[in-house]
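Heads up: the sequence shown at position 69 corresponds to 496 in my numbering, and the numbers run straight through without jumps.
Some hints could be false.
The calculated lysine-lysine pairs, modelled on BS3-like cross-linking and capped at a C-alpha distance of 25 Å, are [to be verified]: (1) K570 x K478; (2) K588 x K563; (3) K450 x K533; (4) K605 x K588; (5) K563 x K478; (6) K563 x K450; (7) K563 x K533.
Label pairs and their in silico Cβ distance ranges [unchecked claim]: (8) A471 x D594: 36 to 42 Å; (9) D529 x S591: 21 to 27 Å; (10) A549 x P486: 21 to 27 Å; (11) N461 x G569: 37 to 43 Å; (12) A442 x D516: 18 to 24 Å.
Don't read these hints as lab results, they were simulated from the structure.
This structure is a prediction, so every number in the text was calculated from the model and none was measured.
Beta carbons are placed, not taken as given, at the ideal position from N, Cα and C, and that holds for glycine.
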Amino acid sequence: MEHTPTGPGRELQLAPHELIVSKTDASGHITYANRVFMRISGYAEHQLLGKPHNLIRHPDMPRGAYRLMWQTLQGGHEFFALVKNATIDGNYYWVLANVTPDYDLKGKLQGYYSVRRPPSRAAIAAIEPIYAEMRKIEAAHGKAAAPDASRDWLLALLLEKGCSYQDFILGLNADVLKAKGVAG
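Given these sequences and hints, build the entire structure.
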(Lines of atoms letter the chains of each structure in order from A and count residues from 1; the text may use other names and numbers.)
(Lines give C-alpha, C1' and ligand atoms only; values in the text may rest on other atoms or scores of the structure.)
Protein backbone atom coordinates (compact mmCIF):
# COMPACT_ATOMS: atom_id res chain seq x y z
CA MET A 1 0.00 0.00 0.00
CA GLU A 2 1.12 3.57 -0.60
CA HIS A 3 1.79 5.28 2.70
CA THR A 4 1.24 8.94 1.83
CA PRO A 5 -1.79 10.71 0.43
CA THR A 6 -1.58 10.86 -3.34
CA GLY A 7 -4.39 13.23 -4.18
CA PRO A 8 -8.09 12.91 -4.88
CA GLY A 9 -9.32 9.93 -6.80
CA ARG A 10 -6.13 7.90 -6.68
CA GLU A 11 -6.29 4.17 -6.00
CA LEU A 12 -4.48 2.82 -2.96
CA GLN A 13 -3.75 -0.89 -2.78
CA LEU A 14 -3.35 -3.26 0.10
CA ALA A 15 -0.17 -5.31 0.12
CA PRO A 16 -0.84 -8.95 -0.77
CA HIS A 17 -0.46 -10.06 2.87
CA GLU A 18 -2.59 -7.30 4.43
CA LEU A 19 -6.06 -7.83 5.89
CA ILE A 20 -8.52 -5.18 6.96
CA VAL A 21 -10.56 -6.30 9.95
CA SER A 22 -13.53 -4.55 11.52
CA LYS A 23 -16.48 -5.32 13.74
CA THR A 24 -19.79 -3.53 14.02
CA ASP A 25 -22.76 -3.67 16.31
CA ALA A 26 -26.07 -5.00 15.01
CA SER A 27 -26.94 -1.61 13.47
CA GLY A 28 -23.67 -1.40 11.50
CA HIS A 29 -21.77 1.03 13.76
CA ILE A 30 -18.05 0.30 14.04
CA THR A 31 -16.91 -1.21 17.34
CA TYR A 32 -13.43 -2.33 16.22
CA ALA A 33 -11.05 -1.37 13.42
CA ASN A 34 -7.58 -2.83 12.96
CA ARG A 35 -4.52 -0.71 12.17
CA VAL A 36 -4.55 -1.65 8.47
CA PHE A 37 -8.12 -0.31 8.20
CA MET A 38 -7.12 2.95 9.86
CA ARG A 39 -3.99 3.34 7.76
CA ILE A 40 -5.57 2.75 4.34
CA SER A 41 -8.78 4.67 5.06
CA GLY A 42 -6.91 7.56 6.66
CA TYR A 43 -9.29 7.65 9.64
CA ALA A 44 -8.03 7.61 13.20
CA GLU A 45 -9.62 5.17 15.63
CA HIS A 46 -11.70 7.88 17.33
CA GLN A 47 -13.08 8.90 13.91
CA LEU A 48 -14.26 5.33 13.21
CA LEU A 49 -15.53 3.95 16.49
CA GLY A 50 -19.27 4.42 16.89
CA LYS A 51 -19.68 5.62 13.29
CA PRO A 52 -21.73 3.78 10.65
CA HIS A 53 -19.53 1.50 8.54
CA ASN A 54 -20.89 3.24 5.43
CA LEU A 55 -18.62 6.16 6.40
CA ILE A 56 -16.17 4.69 3.88
CA ARG A 57 -18.74 4.02 1.15
CA HIS A 58 -17.54 5.14 -2.27
CA PRO A 59 -20.15 6.76 -4.56
CA ASP A 60 -19.23 4.29 -7.32
CA MET A 61 -20.74 1.46 -5.27
CA PRO A 62 -24.32 0.68 -6.31
CA ARG A 63 -26.89 0.71 -3.53
CA GLY A 64 -28.27 -2.58 -4.83
CA ALA A 65 -25.04 -4.36 -3.84
CA TYR A 66 -25.59 -3.24 -0.26
CA ARG A 67 -29.26 -4.24 -0.41
CA LEU A 68 -28.15 -7.75 -1.40
CA MET A 69 -25.54 -7.77 1.38
CA TRP A 70 -28.01 -6.78 4.11
CA GLN A 71 -30.61 -9.28 2.92
CA THR A 72 -28.00 -12.04 2.95
CA LEU A 73 -26.69 -11.09 6.40
CA GLN A 74 -30.19 -10.73 7.85
CA GLY A 75 -30.85 -14.25 6.61
CA GLY A 76 -27.98 -15.39 8.85
CA HIS A 77 -25.50 -16.04 6.03
CA GLU A 78 -22.02 -14.70 5.40
CA PHE A 79 -21.53 -12.41 2.41
CA PHE A 80 -18.65 -12.03 -0.02
CA ALA A 81 -18.36 -8.96 -2.23
CA LEU A 82 -16.02 -6.80 -4.23
CA VAL A 83 -16.21 -3.35 -2.69
CA LYS A 84 -14.76 0.01 -3.64
CA ASN A 85 -14.24 2.08 -0.50
CA ALA A 86 -13.39 5.77 -0.08
CA THR A 87 -10.60 7.16 2.05
CA ILE A 88 -10.86 10.26 4.21
CA ASP A 89 -8.95 12.31 1.62
CA GLY A 90 -10.92 11.28 -1.47
CA ASN A 91 -8.80 8.36 -2.64
CA TYR A 92 -10.17 4.84 -2.92
CA TYR A 93 -9.27 1.20 -2.49
CA TRP A 94 -10.81 -2.09 -3.62
CA VAL A 95 -11.30 -5.07 -1.33
CA LEU A 96 -12.61 -8.59 -1.44
CA ALA A 97 -14.87 -8.43 1.60
CA ASN A 98 -16.20 -11.27 3.73
CA VAL A 99 -18.88 -10.15 6.19
CA THR A 100 -20.22 -12.58 8.79
CA PRO A 101 -23.01 -12.20 11.34
CA ASP A 102 -21.72 -12.47 14.93
CA TYR A 103 -24.05 -14.20 17.41
CA ASP A 104 -23.79 -14.61 21.17
CA LEU A 105 -24.11 -17.99 22.90
CA LYS A 106 -27.90 -17.66 22.99
CA GLY A 107 -28.08 -17.04 19.24
CA LYS A 108 -28.74 -13.30 19.52
CA LEU A 109 -27.15 -11.14 16.81
CA GLN A 110 -24.37 -9.04 18.33
CA GLY A 111 -23.10 -7.45 15.15
CA TYR A 112 -20.97 -8.21 12.13
CA TYR A 113 -17.37 -9.21 11.61
CA SER A 114 -15.65 -8.29 8.36
CA VAL A 115 -12.32 -9.33 6.89
CA ARG A 116 -11.16 -7.66 3.70
CA ARG A 117 -8.20 -8.62 1.52
CA PRO A 118 -6.79 -7.45 -1.79
CA PRO A 119 -8.93 -8.68 -4.71
CA SER A 120 -7.57 -9.83 -8.04
CA ARG A 121 -7.14 -7.10 -10.64
CA ALA A 122 -9.14 -9.22 -13.10
CA ALA A 123 -12.03 -9.32 -10.61
CA ILE A 124 -12.06 -5.53 -10.37
CA ALA A 125 -12.04 -5.25 -14.17
CA ALA A 126 -14.95 -7.70 -14.38
CA ILE A 127 -17.09 -6.04 -11.70
CA GLU A 128 -16.64 -2.39 -12.70
CA PRO A 129 -18.95 -2.55 -15.77
CA ILE A 130 -21.53 -4.50 -13.74
CA TYR A 131 -21.51 -1.88 -10.99
CA ALA A 132 -21.67 0.88 -13.62
CA GLU A 133 -24.80 -0.68 -15.12
CA MET A 134 -26.31 -1.02 -11.65
CA ARG A 135 -25.70 2.70 -11.02
CA LYS A 136 -27.40 3.53 -14.35
CA ILE A 137 -30.41 1.45 -13.34
CA GLU A 138 -30.50 3.19 -9.97
CA ALA A 139 -30.37 6.61 -11.64
CA ALA A 140 -33.41 5.66 -13.74
CA HIS A 141 -35.52 4.75 -10.69
CA GLY A 142 -36.74 6.74 -7.74
CA LYS A 143 -34.60 6.76 -4.62
CA ALA A 144 -36.78 4.20 -2.84
CA ALA A 145 -36.95 1.75 -5.78
CA ALA A 146 -33.35 2.11 -6.97
CA PRO A 147 -31.61 -0.45 -4.69
CA ASP A 148 -34.14 -3.19 -5.42
CA ALA A 149 -34.11 -2.45 -9.17
CA SER A 150 -30.33 -2.76 -9.47
CA ARG A 151 -30.18 -5.78 -7.13
CA ASP A 152 -32.85 -7.51 -9.23
CA TRP A 153 -30.92 -6.77 -12.43
CA LEU A 154 -27.74 -8.20 -10.88
CA LEU A 155 -29.49 -11.35 -9.70
CA ALA A 156 -31.05 -11.85 -13.16
CA LEU A 157 -27.61 -11.44 -14.78
CA LEU A 158 -26.14 -14.04 -12.44
CA LEU A 159 -29.07 -16.39 -13.02
CA GLU A 160 -28.18 -16.28 -16.73
CA LYS A 161 -24.60 -17.18 -15.76
CA GLY A 162 -25.94 -19.98 -13.56
CA CYS A 163 -24.36 -18.82 -10.32
CA SER A 164 -24.99 -16.89 -7.13
CA TYR A 165 -23.36 -13.54 -6.37
CA GLN A 166 -21.11 -15.24 -3.83
CA ASP A 167 -20.01 -17.93 -6.30
CA PHE A 168 -19.42 -15.25 -8.95
CA ILE A 169 -17.26 -13.13 -6.62
CA LEU A 170 -15.31 -16.10 -5.27
CA GLY A 171 -14.79 -17.40 -8.81
CA LEU A 172 -13.39 -14.05 -9.94
CA ASN A 173 -10.93 -14.19 -7.05
CA ALA A 174 -10.09 -17.91 -7.14
CA ASP A 175 -6.40 -17.36 -7.94
CA VAL A 176 -5.95 -14.85 -5.11
CA LEU A 177 -7.75 -17.07 -2.63
CA LYS A 178 -5.82 -20.19 -3.62
CA ALA A 179 -2.54 -18.30 -3.29
CA LYS A 180 -3.56 -17.35 0.25
CA GLY A 181 -4.69 -20.88 1.11
CA VAL A 182 -8.27 -19.66 1.61
CA ALA A 183 -9.96 -21.79 -1.04
CA GLY A 184 -9.27 -25.42 -1.88
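Status of each hint after checking the structure:
About 23 Å separates the Cα atoms of K570 and K478, which keeps this hinted pair within 25 Å; it holds. For the given pair, K588 sits about 21 Å from K563 by alpha-carbon distance, which is consistent with the 25 Å threshold. A threshold of 25 Å between alpha carbons decides the hint, and for K450 with K533 the separation of about 19 Å falls inside it, so the pair holds. A hinted pair counts as satisfied when its Cα atoms are at most 25 Å apart, and K605 with K588 qualifies at roughly 23 Å.
Restraint check for K563 and K478: not satisfied, since their Cα atoms lie roughly 29 Å apart, outside the 25 Å limit. Among the hinted pairs, K563 with K450 is inconsistent with the structure: their alpha-carbon atoms are about 31 Å apart, more than 25 Å. For the suggested pair K563 and K533, the alpha carbons sit about 43 Å apart, so the restraint of at most 25 Å is broken. For A471 and D594, the Cβ-Cβ distance of about 37 Å falls inside the hinted range of 36 to 42 Å, so the restraint holds.
Take D529 and S591: their Cβ atoms lie about 22 Å apart, and the range 21 to 27 Å holds. The hint said 21 to 27 Å for the Cβ distance between A549 and P486, and at roughly 24 Å that hint holds. For the pair N461 and G569, the supplied restraint of 37 to 43 Å holds, since their beta-carbon distance comes to about 38 Å. About 20 Å separates the C-beta atoms of A442 and D516, a value consistent with the hinted range of 18 to 24 Å.
The structure fails to meet hints 5, 6, 7 from the earlier list, while all remaining hints are met.
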